[in-house]
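S.K.: The task is to assemble the complex, starting from two chains supplied on their own in separate frames and drawing on the hints.
Here's the letter readout for the chains.
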Amino acid sequence: MNKIAEKAVALLQEGHTLVLGYEEGDRAPRPFFCRQAEEAQHLVLDERCTANLAVYLTKPELMGKGRVAVFAITSSLRAIAQLTAENQLQLENLTILTLTAEQEIKTFATLEEIRSYLSEVPYELSDTEKALDEKLSAMTREERWKYWINEFSRCIKCYACRAACPMCYCTRCITEVNRPQWISPWPSPLPNMEWQINRVMHLVGRCIGCGACGRACPVGIPVDYLSKKMLQDLSEEFGYVPGQAMQDGNALSTFKPDDKENFIH
Amino acid sequence: MEKRYISKEGLSRWFKALLAGGKRVYAPVRNNDKVDFKPVRSLDEVADDYVQTTQSAKSTVFPRAEVLFSYQKENGITTLNDFDPATVPETVVWKIHPCDAVGFIPLSQIFNEGYEDILYKTHLEKTTLVSFSCSHADSFCFCTSVQGGPGETTGSDIQLTSLPDGGALVEILTPKGEALVQLSAESFEAPKEDEDKAQYLADVPIYFQLDEIRNKLKDAFNSDIWKKQSERCLGCGACAFVCPTCACFDIQENPKGSQGQRIRCWDSCGFSLFTQHTSGHNPRAVQSQRWRQRILHKFSYMPDRINIFGCTGCGRCSRACPVDMNIREHLTSLVK
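Protein chains in written order, with this note's numbering: chain A, 1 to 265; chain B, 1001 to 1336.
To be clear, the hints were calculated from the coordinates, so they are not data collected in a lab.
Check the hints yourself; a few may be wrong.
Said to hold, decoys possible - Some chain A residues near chain B, calculated using beta-carbon distances under 10 Å: (1) Asp26; (2) Ala51; (3) Ala251.
Stated by the list, open to error - Derived list of chain A stretches under chain B, where covered just means 3 residues or more per stretch with a C-beta under 8 Å from a C-beta of chain B: (4) 31-44; (5) 180-186.
C-beta: ideal position from N, C-alpha, C; glycine also.
Next up, chain B with everything else stripped away, as it sits in the complex (with noise of 0.2 Å):
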């Protein structure tokens, strides 16, 4: 990893450069009172007064909605256009918190655990994460009990830490970053020596052991406390469509009448179709089912198949959630 230090001029060159370079770059653009990641043509449409975006930025690399493939039919035959790598542009996700870059892991993991999915893998080959360490926090934030923190750098391909002075301390982290930086190497100087990166970071505290909750969720599975924790939950998709990690999908047809598109969009395990079977059964009837679901499959099957945890501690859940269903909250409770 290498350390340089970019002047407040020399980000407004170096981004340029990057839009200079024909690259698509997302960025948290405010809207109202809601701030979210989209296409950006200068430095200006960024914004800067939010604690959090309030959707991950996992659709830059596993899109709402994406087609596998399209047909068509003409004069009896069928002609099949497959997903072409060739039309995914090269993608820059700026200004990304640590608990963003971070669920891109678990992401990969989901999409390529027994079988390595071309879309995403094409995707995620074509885009470079430049976080920006975290100097605020809210009650929401819990990315400390969940093995990040906000100046956490596994995931992001640099990693820069605003200063006092409108510039920023950059960490170079992997050869994807190296190259960005190389659109405008002019832009970057020698760090300052003295330079500590925590001093500018925010104070998230600690609020559970991630062990202690597996543990705790081994035999956790018939308990009475996914019926009390899941009340007052109203069973919409909201949390996992702002979940940086939450992966479902659906597959469905879009058929226009000789031709036609298979699209993969987002799904969610809090609907109680995703689990309805043909037959009317659904194995997943009520509410305190599916919630239950979606703590373990982050908390005890994912760590279980997989290896790795299904939260960043990003909060995005419990702010984007109509009646307040804190995942921290529940998960302290859990070992409490």
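Okay, chain A solo, but in the shape it has when bound (with noise of 0.2 Å):
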């Protein structure tokens, strides 16, 4: 038995009814939801291990009354700091566990060690991401225009970008809002780029920059990279850094006499 499984299987017998992890699936390894420790053997967690588990933490119908165990990768413990930050967990319920760059185990008492610990894990967008970043910065506004509506003719609104994304955990989101019908329900180009810059909108200062959105694309949409650009400016704007849970209340719902505002003309 690997030593996640063995983990797994003593967190069970300690009283967790639920160790959330990742077991193989077909591309890749898939979450999965160990309730029995005979189940546990299919446990497995590497760098093969993207989808973002903290999407279903804020799940009550999964997550039931019990007390729950995350094995959670760095992508993970980011959404949870944050999740946290806005209310949206009581880490009290949660043991939080991670599988070091060391191959320990690790398992975290407080927010402020997941912090302290995500303060020495680097933000870094990958090569493909910085390719398409070159690409569209080097673009006139007409020209991007142009890139995104062509891509979001694309889009069939199937809101997977929205289910995977562990931090829209709306219960009613704008989507469902029929008076007035904010977001138009059928695709069509620019109702759909609208529904994007709502959806990147809602999540700046908030985005993890996780991807989750993009992967969960069907259609290959980077929708990923709206949110994460939204990184990279408030990191300017606003001294965020990417990657780190804010700890001082959303750039934009958060006033302060310092902002430096030379975005507004």
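M.R.: If you want it as structure tokens, here you go:
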């Protein structure tokens, strides 16, 4: 039995009702809800695990009332830190573990411990993301508009980007409000873009840059670039450190006398 | 059914004839790592190194969004413009797979159950399906478990089986298919007598018996299995939207001042809003109930009501799922 499985068995014996982790899937490991010790042997945890498990932590029907343990990869830790800062998680009901670079299982006791661990893990764009950033930055405003309209012409409004996002936890999303109908329910390029603008603006200063939205898109629109670009803007305008949960309020809902405000023309 | 042979040059000539006739031709086109149906203007645009398109071809007969009627009000008089069948162009869907072509049959049953849907009917009448049998499959494919196969011809108007010389074995299956052949009859030759289609087909293993699944589902409504299976499901609509047989839709208004449109657009039983009542009550309040609905609808309610299963084994839902809700695996586990 691998050490993740051994740990899971111990956690279940200690009284946890659920251990959230990963099991082998078709292309890569997938989220796995381990509720019985005999299922623990299926658990895996390595660099192939990319799904952000924090997305499940805000679903009461899945979490139940018992104590839950979660094997969190770096992006899940970032989301947990952010969700906790937004008062969406009660850390005392959760046991949060990770596999360190030294392949040791580390258990976090407090939010501060998670924050301190994350401060040692740099947030970086991948090479493909950097390439897209360079490509788009080199475009004129008109060319960029054309690029995104073309990308969003493929959107089928399946809302996988929303469903996969650990920060999209609203019980009633703006897309579900129909008086007035803010977001058109049928797909067409401009309303599709309106939806993404809404999504991204709701995530400003909250997005932890895990890329779950982009990976979830069945038609391959790089929607995660939009929120990652926002991270970049935030760090320039508000001194936000990408990958670190906010400590003193959301950028767009907090006023500070020393805000530069140099984007207001 | 008539058989023919068409050479590589013949294919090119025939394809040009289809376009020259003014038909709208949809074919698989590559965009980065995804392949999807798009209108094309030449055979060069058609992708050839893929197993399956991301989306099915159902949007050719059941568009993502379609105007049922439009209206305008002027000087107290309201003018109604109904859907006009004449606006629907003659369409050829080129290079769909057998699992897609066969998907048009359950769609047709759904859109004709107790009421003949004029929009669907018009699209279907004007659409000719040119399928290519499958020489490749992946682990998501399970057509042979749901009464289909890599060389299944049901639903197709013409089926082509690509040959090593760049040409193809042609099976002309319907009068619509024959009409398409007539656009370039000189491109088609007599088939080679000893040509056996089966040797060019992909090997797709049989994972389960469909009747066994149906029997199992008869008293599975209250089973705990739905909760267990759906735990990782995120509740997006990707599976329904890429599916060749999912036909749920929503009716929406698009008013702009004194004019507007009534629009039919795709919807999904995976969304919580799909069953939300005005009162606030939701009969399918949690994802496990929605996942159960998805499976029961396709493998129990549809065969009970319209005598056909709602799955063609194309595997698209599994490929599109962000959390690997593999339908073949879930179905297999039901009977194991």
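S.K.: At least three residues with a C-beta closer than 8 Å to a C-beta of chain B: is that true for the segment 31-44 of chain A?
M.R.: holds (count 3)
S.K.: Have a go at the alanine 51 of chain A hint: is there a Cβ in chain B nearer than 10 Å to its own Cβ?
M.R.: holds, 6 Å
S.K.: Counting residues of the segment 180-186 of chain A with a beta carbon closer than 8 Å to any beta carbon of chain B, are there 3 or more?
M.R.: holds (count 4)
S.K.: Less than 10 Å between beta-carbons is the criterion; does alanine 251 of chain A satisfy it with respect to chain B?
M.R.: This hint is violated: alanine 251 of chain A lies away from chain B, its Cβ roughly 27 Å from the closest one there, beyond 10 Å.
S.K.: Under 10 Å is the threshold here; is the Cβ of aspartate 26 of chain A close enough to any Cβ of chain B for the hint to stand?
M.R.: holds, 6 Å
Of the numbered hints given earlier, the model fails hint 3 alone.
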